[in-house]
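Engineer: Chains as they are written, first to last, in my numbering: chain A, 1351 to 1582; chain B, 4 to 220.
Careful, some of the hints might be misleading.
Derived, one-sided and incomplete: chain B residues facing chain A with beta-carbon distance under 10 angstroms [said to hold, decoys possible]:
| id | residue |
| --- | --- |
| 1 | N50 |
| 2 | S87 |
| 3 | D114 |
| 4 | K119 |
| 5 | M132 |
| 6 | L134 |
| 7 | S161 |
| 8 | L164 |
| 9 | A203 |
| 10 | P212 |
| 11 | V215 |
Read the hints as simulated data drawn from the structure, not as lab findings. No residue lacks a Cβ here, since even glycine has one placed at the ideal position from N, Cα and C.
Chain residues, written in single-letter form:
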Amino acid sequence: MNKVVNNVEQALEGIQDGMTLMLGGFGLCGIPENSIAQLVKLGVKNLTCISNNAGVDDFGLGLLLQNRQIKKMISSYVGENAEFERQMLSGELIVDLIPQGSLAERCRAGGAGIPAFFTPAGFGTEVAEGKEVRMYNGKPHILEEALTADFAIVKAWKGDTEGNLVFKATARNFNPMMAMAGKITIAEVEELVPAGELDPNFIHTPGIFVQRIFKGQHFEKRIEQRTVRTRN
Amino acid sequence: MLDKSGIAKRIAQELKNGWYVNLGIGIPTLVANYIPEGVDVEFQSENGVLGMGPFPFEGEEDADLINAGKQTITVRKGAAFFDSAMSFAMIRGQHVQLTVLGAMEVSQSGDIANWKIPGKMVKGMGGAMDLVASADNIIVAMMHSNREGESKLLKECSLPLTGVGCVKKVVTELAVLEIKDNKFHLIERAPGVSVEEIIAKTEGDLVVPEFVPEMKL
């Protein structure tokens, strides 16, 4: 089944004001940067964005925040974005902070037909407020519900025309679970190859989870914390 | 008194052969620099890598290869990459033997607070809540007092909690303390630090044995 669309404009067709989007990435690593640039261009507003982080002030989801396109963020860590913190503390932005592992599992569950699950993470904290608690193996666990999205937008290293995806190094992060949890999943890839060129033994996300795939025009791949050692 | 590297060096003595270890951001990251000779451990970073190596040489940074602090890294031979759900399966499933993380406050019952100061700072918990809720072996690396000079070792935490009754050991610039029976227990003091100073700077209940050995670093 050919999932290829010609460009980012076609890939993002149908995204409207008020929708819920999942966006892959950890920090600025493995984010769908071509699609984010297109969302800025489209100017869609009142979005609910599910993403582990909120980018930095002038890159990643920070661009959508600057443009006031996001109504609500569901994330686990937002420490690198001053504009985010300002909008949150002033009440302009609704923020749901949830533990990173629970975020990952809630996306996975959403794509896997599991409506909810119990986890120990967050028991006894603000995160547990209003949630059912049950004891398992003598330890308290809280009930967390699955997450899904109108569109999931992920970024992969290589993809084929069938929508099969391969990720590189730690750019994999949330992308595979979010791909599962989108009603429509859009994959932007660095290399788009014909079906048959990727070894089926080494596919990370099977094409069944991907509805549209395109080759990104430009990947800046900005590094957030450049740490190096010197050669002796 | 220890500096940050000294705290990391002392914590590194706790590492055991064959352990998988998750190091938090800040002082905990430094622990990787002081692995005792003959001890083989693998570092897990919750953004999706086992077998983390040192920082890359200049010019060899890869934007696709970072740790949980978003720093560019390398991997050792035999490393593995995985997604975030798999990563937290390792953590919640107790396949990681030691977690080292920083804190803003620790209570004598083992509660920890490190993700939010209401009205002032909200960075988010990241993976910390998953880590502290699941790990059997949690060491907190932090300074004994905050910038205002107030003790961070308290009867009860005042900040929003990250986890409840989970911290077993704390290493600060002044001391190594264990938490049990709802009390801090002084185990070792840092070189040149008196027991009196540790008592004065610990707000929570502190059990002090007759003889408190000095740390060997």
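Engineer: Does each hint fit the structure? Answer for all of them.
Structural biologist: Outcome of the hint check:
1. With its C-beta approaching chain A no nearer than about 5 angstroms, B/N50 sits inside the 10 angstroms limit, and its interface hint holds.
2. Annotation: interface hint on B/S87 holds; nearest CB of chain A at approximately 4 angstroms, less than 10 angstroms.
3. Checking B/D114 against chain A: minimum C-beta separation of about 8 angstroms stays under 10 angstroms; hint holds.
4. For the restraint placing B/K119 at the interface with chain A, the shortest Cβ-Cβ distance is roughly 8 angstroms, inside the 10 angstroms limit, so the hint holds.
5. For B/M132, the shortest C-beta to C-beta distance to chain A is roughly 4 angstroms, which falls under 10 angstroms, so the interface hint holds.
6. Here the hint on B/L134 is kept, as its CB sits about 8 angstroms from the closest CB of chain A, short of 10 angstroms.
7. Restraint check, B/S161 versus chain A: the minimum CB separation of about 14 angstroms is more than 10 angstroms; hint violated.
8. Nearest Cβ of chain A to the Cβ of B/L164: about 5 angstroms, under the 10 angstroms cut. The hint holds.
9. With 10 angstroms as the threshold, the beta carbon of B/A203 stays out of range of chain A, its nearest partner Cβ sitting at about 30 angstroms, so the hint is violated.
10. For the restraint placing B/P212 at the interface with chain A, the shortest Cβ-Cβ distance is roughly 31 angstroms, beyond the 10 angstroms limit, so the hint is violated.
11. With a least beta-carbon distance of about 32 angstroms to chain A, the hint placing B/V215 at the interface is violated under the 10 angstroms criterion.
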